[in-house]
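Number of protein chains: 4
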Amino acid sequence: MSGGRVEETLRVFVEQREWDQFHSPANLAKSIVIEAAELLECFQWSEDADRDRVAGELADVLTYCHLLASKLGLDPEQIVLDKLEVTGRKYPVDRSRGRSEKHDQLPD
Amino acid sequence: MSGGRVEETLRVFVEQREWDQFHSPANLAKSIVIEAAELLECFQWSEDADRDRVAGELADVLTYCHLLASKLGLDPEQIVLDKLEVTGRKYPVDRSRGRSEKHDQLPD
Amino acid sequence: MSGGRVEETLRVFVEQREWDQFHSPANLAKSIVIEAAELLECFQWSEDADRDRVAGELADVLTYCHLLASKLGLDPEQIVLDKLEVTGRKYPVDRSRGRSEKHDQLPD
Amino acid sequence: MSGGRVEETLRVFVEQREWDQFHSPANLAKSIVIEAAELLECFQWSEDADRDRVAGELADVLTYCHLLASKLGLDPEQIVLDKLEVTGRKYPVDRSRGRSEKHDQLPD
Numbered sequence: 001m002s003g004g005r006v007e008e009t010l011r012v013f014v015e016q017r018e019w020d021q022f023h024s025p026a027n028l029a030k031s032i033v034i035e036a037a038e039l040l041e042c043f044q045w046s047e048d049a050d051r052d053r054v055a056g057e058l059a060d061v062l063t064y065c066h067l068l069a070s071k072l073g074l075d076p077e078q079i080v081l082d083k084l085e086v087t088g089r090k091y092p093v094d095r096s097r098g099r100s101e102k103h104d105q106l107p108d
Numbered sequence: 001m002s003g004g005r006v007e008e009t010l011r012v013f014v015e016q017r018e019w020d021q022f023h024s025p026a027n028l029a030k031s032i033v034i035e036a037a038e039l040l041e042c043f044q045w046s047e048d049a050d051r052d053r054v055a056g057e058l059a060d061v062l063t064y065c066h067l068l069a070s071k072l073g074l075d076p077e078q079i080v081l082d083k084l085e086v087t088g089r090k091y092p093v094d095r096s097r098g099r100s101e102k103h104d105q106l107p108d
Numbered sequence: 001m002s003g004g005r006v007e008e009t010l011r012v013f014v015e016q017r018e019w020d021q022f023h024s025p026a027n028l029a030k031s032i033v034i035e036a037a038e039l040l041e042c043f044q045w046s047e048d049a050d051r052d053r054v055a056g057e058l059a060d061v062l063t064y065c066h067l068l069a070s071k072l073g074l075d076p077e078q079i080v081l082d083k084l085e086v087t088g089r090k091y092p093v094d095r096s097r098g099r100s101e102k103h104d105q106l107p108d
Numbered sequence: 001m002s003g004g005r006v007e008e009t010l011r012v013f014v015e016q017r018e019w020d021q022f023h024s025p026a027n028l029a030k031s032i033v034i035e036a037a038e039l040l041e042c043f044q045w046s047e048d049a050d051r052d053r054v055a056g057e058l059a060d061v062l063t064y065c066h067l068l069a070s071k072l073g074l075d076p077e078q079i080v081l082d083k084l085e086v087t088g089r090k091y092p093v094d095r096s097r098g099r100s101e102k103h104d105q106l107p108d
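Residue numbers (the working numbering), protein chains in the order written: chain A, 1 to 108; chain B, 1 to 108; chain C, 1 to 108; chain D, 1 to 108.
Please note: incorrect hints may appear among the correct ones.
Taking lysine-lysine and the BS3-like style, the derived pairs with C-alpha atoms no more than 27 Å apart in a straight line are [said to hold, decoys possible]:
id	chain 1	residue 1	chain 2	residue 2
1	C	Lys-83	D	Lys-71
2	B	Lys-102	C	Lys-90
3	C	Lys-102	B	Lys-90
4	C	Lys-102	B	Lys-83
5	C	Lys-71	D	Lys-90
6	D	Lys-83	C	Lys-71
7	A	Lys-71	B	Lys-102
No wet-lab data here; the hints were simulated from the structure.
Bear in mind that the values here come from a model prediction, so they are computed numbers and not experimental data.
With the sequences and hints as input, model every part of the structure.
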């Protein structure tokens, strides 16, 4: 999604409203967790959640993630791929297959 | 990023490890907020944070966001754009310019 | 727990380490959500969680709650009781019995 | 606060509404992080927050903490004191004084 339509649309949206002044990295990080908790609220009392409501809350999380990435000059697609390599080394297929434990609790 | 390299890479990563069984929408929503809080931890005691550490934590949030979107058949790019239209109507430029209040507390 | 042993023990603990300088209300609020997410991590992939681990994480949440209450001169016991009155009016027994909906979605 | 007025008041409140059926430990953990994020929202764009609003949100966090403690038979006061001993050993006064680093990053 980097360099794409979303980044440009968000940039214009924020610029028009002069909201960049509020978007310090720390404030964006707070905003991500605030929106993530609203997403979780869809599942607070039940595993079932309304798909449209989930879509809207997930969109809010993603929006602030994009704003933080832009602010720090990070490519959202690339950092996911980079981190996946790190995670892949911590969770080798043969040791982690079908297991949900953390890497330091996986059997040898 | 929809339909792109990230989605396919994540799909293979999860399939190889047979982790899909753990990825109910509710569990993914929990994971998003857990990772979002680790991102916030970069800023717990200071506005300054190490950019590489932030990149790694932001990547974790985005990864679970992509997994939840895939699970629900949502296009991450499209839901952001759709939600931005809704948000744009709640925050008209002339009333929200330079203000951080919530839409129901903006001056007329 | 107000005015009690916990408050005094925490006060001495923080004073000895000269940590009060880091404990702005905003930083304590961040810390509460960071610890709350670690508590949630006990339940990330399963409803079952180790009771001792939960106790330790819950203690961290409570610790920062006490520090924030002290910082703002709030009595933790009293604010819970005060809020319960407000909540009780929003959720009258006859309308909310056996229901998990939010107050604005309860049937008449 | 254990065994005290808050615990008993909460017990009656929940019993009257037959809400105990929703209060699995996992759901209470979700609720704690959801309320913690609402508390953080008081500080989303500014260090300054309305004290009454903070008191109300902090009360919600504490309420769910008490419900989880009760559910697991934990004494909220005791687990805080117990954890403080553990934390005290990880952060000896002479090494942690005036420092906000994590214990594994403190200087020797």
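#### Entry: 27 Å limit on alpha-carbon distance, applied to hinted pair Lys-83/D and Lys-71/C
holds (20 Å)
#### Entry: Hint consistency between Lys-102/C and Lys-90/B [alpha-carbon to alpha-carbon, up to 27 Å]
Given that 27 Å is the threshold and the Cα spacing comes to 22 Å, the pair holds.
### Query
Holds or violated: Lys-83/C with Lys-71/D, Cα cutoff 27 Å?
holds (20 Å)
### Query
Is the straight-line distance between the alpha-carbon of Lys-71/C and that of Lys-90/D 27 Å or less?
holds (24 Å)
### Holds or violated: Lys-71/A to Lys-102/B, with C-alpha atoms at most 27 Å apart
Answer holds: Lys-71/A to Lys-102/B is near 22 Å, not above 27 Å.
### Query
Keeping to a limit of 27 Å between CA atoms, is the pair of Lys-102/C and Lys-83/B held or broken?
Status holds; Cα separation ~23 Å.
### Message
Checking one constraint from the list: CA of Lys-102/B to CA of Lys-90/C, max 27 Å. Satisfied?
### Response
The hint holds at about 22 Å.
Of the numbered hints listed earlier, not one is contradicted by the structure.
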